[in-house]
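Q: Chain by chain, the residues run as shown.
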Amino acid sequence: MTTEADAPTRTRITPRRSGRRSRWGLLAIGVVIAAITVFPLVWMVMGSLKTPEEVNSPNLIPSTLTLENYVYVFSQVPFARYLFNSFFVSAAVTVISLWFHSMAAYALARLDFPGRERIFLAIFSTMLVSAPVTIIPTFIIVRTLGMVDSYAGLIVPAIFNAFGIFLLRQFYISLPDELEEAALVDGASYWTIYWRIVLPLSRPILSALAVFFFLANWNSFVWPMTVTSDPQLRVVQLGIQSFQQQYAADWNYILAASTVAALPTFAIFFVFQKQIVASIKTSGLK
Amino acid sequence: MSTRTLTTPPPQAPERGASDRPRPTSRRRRRETRAALLFLAPDALGLITFVAIPMVLSVILGFFWIDGFGNFDFIGLQNYSRLLQDPQFWNSARVTIIYLVALVPLIFVTGLGLALLVQQNFPGVGAIRSALFLPYVVSIVVVAMVWQFMLTDRTGVLAAALSWLGVDGISFLGDPRYALATVIVVTIWLQMGYYMIIFLAGLQDIPSELYEAARIDGAGAWARFRNITLPLLAPTSFFVLLTSMVAVVTGGLDMIFVLTSGGPANSTSLLIFYIYQQAFLFGDLGYAAAIGSVLVAVLLLISAAMFVLTRGGRFSHDD
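Protein chains in written order, with the working numbering: chain A, 1 to 286; chain B, 1 to 319.
Chain B with its partners taken away, still in its complex shape (with noise of 0.2 Å):
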């Protein structure tokens, strides 16, 4: 944007100077209020219904009993101190440890990997770049859908490739040992296009010339990466780490919902998961709510911390 006012800078530098347009009356004033208020209005309203009030709702149901119907009752903690003492909620929270641990670093390195592969200049580069992205497009129902047919047991195409290899009997989403595994490698399938074209649009912004630079004075591609790439990509990665743990805990919902149901055994039942299942199976949507509370407040937590270790993932560097 900015470079191309540079291309003409004579005529706009006046204007620029002097402080402002011919200095408004009050009436006009007035008129541009009034204006901006009505533009602004029908948005402004649908965000204050639909997102800021759940947003203080959330925290508030949590001290409610609540059932389907509409019925609520101030019970006060009683959410809480219920969920400390719920084996269920902890076992989902450890699933989702498990689930955010392996996922977030995953995404990461596939979708730099992807993004190094796709920079490179070779014949067929685009088409390659746009297969890889495919996934992203499909719904998570499809996605599930694809994934169960060809995981099911013995008779799927994936049982077929590794009786073919001598590998027999394995239930990739029946048995708890490998379920969550198989939901994690789903979701990087279907998740990382998106993060390689992220990754693609902070490679592109590195100038090559530091690139040409680095290479005359001898160094390998491995220290090119290192000493170039990685800490230029800094404001990339540091998105790419909050937005794909945020991603991953929202699309998780309905991933689970179809692939797994959140079994065998609870073993892939994400808090996300739990908390849609206390509210609209179960119908208490006090405690789902509470539950929701915690959940946010150790995204934020992690989210805090990782600002805070990043220095702000040196966001304002560029503008």
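Same shape as in the complex, but just chain A (with noise of 0.2 Å):
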């Protein structure tokens, strides 16, 4: 859209006749539907803004605001211990992801070694697996593991994808070559290049996949619930919903619960949304 304006050379073709009335119309076009698309979400929050009394009228500013269902909530169920186990399984998961993959697309993209094409290949492949019809063997290897019921069986399955790997490794193919070349003459070891030029360098699009990893497992309920049933161990999106089976018909509380779970994945998107919009970009051009 920009590179319009910035081509020199072309001539200006004069704008269309009705290019000004066409904007005003896009534009309520646009607020029409992204009104309705955000609906639902300012719903939610003012939902569980709302008394009981309160919560099933049609009227989206209620007479009183208030925010017990919030202390409801926190008070009626250790909702603090399932945010935490939330952020630490999605942080784990996230840090360590992006450590192993980054390792892996280095030596898959700089290093030379025989069978490389080979095992990137055997990689590539299995992003072509849907997870759901692999979970009931892959819970079946975390049952044999032991890792039934704990942290390691929430995050150690989580880390393994070969997304990450794949954009990695096309991002580190395109720096040039001359990279390592001078720390190898200067004798560096392989781990140095690594820690000291690579990751360095990587910083853009290690935070983009950061955001990403850190949403999608913050957001994930299937897999927690298949393998953990232990309330100490339960994450967030579990929490939300086992609560909603208790309260079924408060939906003040259900609202405000959902809204607390709701709550940093928004803070995520409008501070990293440049991140997840880059990174959607990139997956999606191959």
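Hints listed in this document are in silico derivations from the structure and should not be mistaken for laboratory results. Ideal placement from N, C-alpha and C gives every residue a C-beta, glycine not left out. Mixed in with the good hints there might be a few duds.
Unchecked claim - One side of the interface only, derived from the structure: several residues of chain B facing chain A at Cβ under 8 Å:
1) L162
2) L165
3) V167
4) S261
Claimed, not checked - 25 Å max Cα-Cα, derived DMTMM-like pairs, lysine to aspartate or glutamate:
5) A:K281 / B:E209
6) A:K281 / B:D205
7) A:K274 / B:E32
Work from the hints to combine the two standalone chains into their complex.
A: Put into structure tokens, the structure is as follows:
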């Protein structure tokens, strides 16, 4: 879009007659669609601030706003614990997988060794598997390894996916050849090159992937439900679901719990929007 | 990436000509290989344990009777013959087909439509783009809660809005006629922003000169869309069709689990949900794996068919 403006050689074509009017028309359409899209989330947040008497009223803004629902959620169930579990698991998966994936991608992109292409193809082909179908055998393996009902069971199987390796490898291949030459001549080890040269250069792509991994794990539901039953290990998504089963019709409480679980994702979205969009775009190119 | 190197060709050209760096000694080669294997080891080990072995197991398990305690017994094709006579399996297969046939094109159309809208330059387009993408970052559990709340019979906000319009008594999640359609609408709402971004990336790769030229030649908006946008967007379209198919099957499990539990009257019991039910609620892991194998086989067949029909999605064009 901006390229149109900064291409100097091209003669500007006279703007179309309807230019201005159609722009306002587009804005109107956009605003309506955006409002409809955001409405459910606004309705959730507003509902969480309503009293039990008013939660089912069709008014967006209630006569009394209250934070009681939040107090109730945190005092009735160990919701802080659920939040901690989610945070801990998501952070651990994100950090470990970025570390492992960047090492693997570095080897696949920058080092020369027999069988490199075959190993890459093998890793790439695992991307074609859809997770829910392998959830049963993965569960059996996790059970065999004794990781059911443990943080390890939540974290370890979530680390390994070829998607991150693939994206990082593409990035490392694009770095110039001369990058490690000097360091190699100076006798630096491959580890030093990876740690001192390659990792610092990959900060933008690593942060994009970090946001993506953290979100995916924070929002994950089926695997935690499958692998844990201990309430101490309950992650926040499971917490909401079990909360709903307990307080079936008390929507003001359920909406408060949902809002608490969604707030970190909203925050991440508003802060890291660029990174999220960038990583989706890179994944879509190939 | 390649454009950057093009700006400074002279210093790079001679180096590229010489086939490689100072001739590596065999000692250095060994060192490099050892380092590479060490770098690869953690991920390779993990991928083998938690991805490759499960892939192989998922096929093998279908030939076994397994209970929730880890006892198992080889029973040949019994799970598969049972599957053929299981009305619940056929119902789930039917639901899954309707779900895919409706959802994949709708996601395609909404994603592309929104991308075409927010690709335009008008005031506030950035904020609108963000708003359209926002649902994607919310978890499916939260999404399901919000929609259940809005779709509650009689007291929900949608019921209120409809009764204001004079329509009463529609039960979106409680009526087998509407439940699957409701699930589809909620899924589109959740996913459209993601595909909008993917389409947007594809659209931005189309050189604007083509549109300018077509406009000079007097091509209308529809002609430009048909003759420039659609053909040049083919790789993106292929990617979206393929990934959205797998994604809605995958995400469908969470969605169905929280939103409808497969009901009412099994009208939203997707295969992926039925598999999960058999495995973890009824403890019949072998039978579940057999159904899973069928689902994977069908998905692979569809992907392969798409690949052949679109001649590989013309992926390798721009490389």
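Q: Compare the structure with each hint and give your call.
A: Hints versus structure:
1. The beta carbon of B:L162 is not positioned within 8 Å of any beta carbon in chain A (closest approach about 11 Å), and the interface hint is therefore violated.
2. Against a cut-off of 8 Å between C-beta atoms, the interface hint on B:L165 is violated, since the closest Cβ of chain A lies about 13 Å away.
3. With 8 Å as the threshold, the beta carbon of B:V167 stays out of range of chain A, its nearest partner Cβ sitting at about 15 Å, so the hint is violated.
4. Of the supplied interface hints, the one on B:S261 is violated, with its beta-carbon coming no nearer than about 11 Å to a beta-carbon of chain A, more than 8 Å.
5. Between A:K281 and B:E209, the direct Cα distance comes to roughly 22 Å. Compliance with the 25 Å bound is thereby established for this hinted pair.
6. Taking the CA atoms of A:K281 and B:D205, the gap is about 11 Å. The hint holds against a cut of 25 Å.
7. For a cut-off of 25 Å, the pair hint linking A:K274 to B:E32 is broken: about 37 Å separates their Cα positions.
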